[in-house]
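Respectively, the protein sequence lines represent chains A and B.
Quick note: the first sequence uses full-length UniProt numbering, first residue 1, plus one each step.
Quick note: the second sequence uses full-length UniProt numbering, first residue 1, plus one each step.
These are calculated hints, taken from the structure and not from any lab test.
Just so you know, nobody snuck in bad clues.
Identical copies carry no separate label here, and so any pair may be met within one copy or between two of them.
Here are the computed lysine-lysine pairs in the DSS-like style, where the Cα-Cα straight-line distance is at most 27 Å: (1) Lys-57 - Lys-316; (2) Lys-60 - Lys-130; (3) Lys-24 - Lys-10; (4) Lys-60 - Lys-106; (5) Lys-103 - Lys-34; (6) Lys-133 - Lys-106; (7) Lys-106 - Lys-41; (8) Lys-103 - Lys-41; (9) Lys-134 - Lys-316; (10) Lys-106 - Lys-58; (11) Lys-24 - Lys-9; (12) Lys-179 - Lys-204; (13) Lys-265 - Lys-179.
Bear in mind that the values here come from a model prediction, so they are computed numbers and not experimental data.
2 protein chains.
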Amino acid sequence: MVTIYDIAKKANVSAMTVSRVINKSEKISEITRKKVEAVIKELNYIPNNSARNLITKKTKILSLMITDIGNPFFTSVARGAEDKAMQMGYQLLLCNSDENFEKESKYMDMLISTGSDGVLIAPANDNSKKNMKKLTKHGIPFVLIDRRIPDIDCDQVLSDNEATTRRLIEHLIKQGHRKIAIINGPLVVSTARERQQSYIDTLKIHGISVNNDLIKESHFRDSDVTNSIQELLNLPESERPTAIFATNNFIGMNTMKILYRHNIKVPEEIAVVSYDVPNYTENESILTVAEQQAYNFGYIGIQLLIERIEGAAPEKARKIVLPSEIHLRASSLNQRD
Amino acid sequence: MVTIYDIAKKANVSAMTVSRVINKSEKISEITRKKVEAVIKELNYIPNNSARNLITKKTKILSLMITDIGNPFFTSVARGAEDKAMQMGYQLLLCNSDENFEKESKYMDMLISTGSDGVLIAPANDNSKKNMKKLTKHGIPFVLIDRRIPDIDCDQVLSDNEATTRRLIEHLIKQGHRKIAIINGPLVVSTARERQQSYIDTLKIHGISVNNDLIKESHFRDSDVTNSIQELLNLPESERPTAIFATNNFIGMNTMKILYRHNIKVPEEIAVVSYDVPNYTENESILTVAEQQAYNFGYIGIQLLIERIEGAAPEKARKIVLPSEIHLRASSLNQRD
DNA sequence: CTGTTAGCGCCTTCAC
DNA sequence: GTGAAGGCGCTAACAG
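Let the hints inform the model, and build the full structure from the sequences given.
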């Protein structure tokens, strides 16, 4: 391994001078700098960050804790995070919690040990509060994205769940629907709670009574929603929903697939609206969706994080709410319109 | 920051003993181990990897260099890589080269500096050879996935491009096609070359003359293939293709979208087959595809890499070829079948 | 089984 | 502008 001493010897300077060159110190004469740089290049020297970190306590490594990189929403988040991190000279450590607090905790210890300068995190659920406290104890800044944690005050990049859900539900109501079901993620996740609350509030505002049989708590993972849908279909005619609100992409995709499999016409028999369904295939999508700014969750999140790390952020925690865009498509539009 | 000395003092042992407990050394009495572990827990001690790495030269960090995490193929690779890495106690640094050698090189320096124990890499193109040499010079093992590099002998996990392409093309020939176009990625990428060669060979074997007007070199990024397709459509009736072979997912998706936009019926006017198109939406796909074992590229790749790092691999480089699965669908099936 | 000594590669501090 | 000394937190090598 080539060290600064090797460079120093060959360039006839002290190690300290080499260090100054590497760190782009101003107080170096043009001549010695050129000389040192030449040797660095010649010997293919690359600084050893471990040694550096030991002193500076900075690794230039950020951790991205998401629930699943396989979820297209988080894939975009990751891409945004990585673009900004790279641009600012940071590297990104990838962690998938799989919506699981224990797995998240394990990663947390690893990333503290590694010496992450900061963490961008979409927490698994409300339990993650413990992990946030741990980060704070270790003096590691973090930014929450997508999901908030009760009583945790920190920089956040969130979605306008209340407004977007309301618009989605009001759209269904305008289309004549009264029996609207919701297939949701677990209520220990803030986004699930917020979307459900807005769903309930919107129905009430429009004088529609809330039927608990139409509220299904499922998962945000790419899991089976067959049971939830079967239960909805088994409801007596008078209760059976004419529309379904899917609160994330996996739920939305799988709901559509199951309805097709049951030969249920969308939207004639059941209309469907969903959060976040990407159009990654050859077909034009027919699904009405609320598209969140996934890329910006990552991009802006990393920006806030780095500002915080580098002391460029205001003391007060910042909360950024990114609006979603609703795409109205066939899955929720009446023929007669 | 809590150090081993804090633990040592409080537990009335030497720092060395604490170090042994952390590293699960056998030569520690049950009693002192318990005592030390208690203090570690009490003080919330987490080892400083930077200090550790400085001595051991091991970081337990692996780098994953892919061209774009946004490409669903690589998303699966990443997920497989991460699962195996986590299982083996390693963390994963994410790098997107964007099919760009310069960007890849920049990451390469960063990851060497950080001290990656190894690199799993889908190289940007043949130029990446320089980066492989650099890794070798720094004694960092790497495993090539998906794409090979001429004259680089190392562990590899590759796809059966020759056989799968042949089956795809023979399927089209069986369907009666003689004018088959290929829209390919850049030929500086090994997979593009292999698929193109197999396309040519298969045509020849079946006595079909190769028409260079039907061979289009495009990109593997999510870029525009409009021009390529337009050129194909502008061909005189006698040359115009009746089938298109798209060599990756983005090309496949975009080809389908453009054909739809041109109101060209698939497969009646033009049949389409593609590599790797995921079905991430609510619709059932109609596209005939060769599905690669993306997850296993990552999972097995990391396994080979860790074996290599930990000295558990045979000296001779291993080459693993994962077969693809062809899904025949409407986009390439004649009505009359 | 446990402790002592030395040093990993670099940067901080303080001289010159 | 440049250099010398010391130490970051930890573990290898050795001693007992």
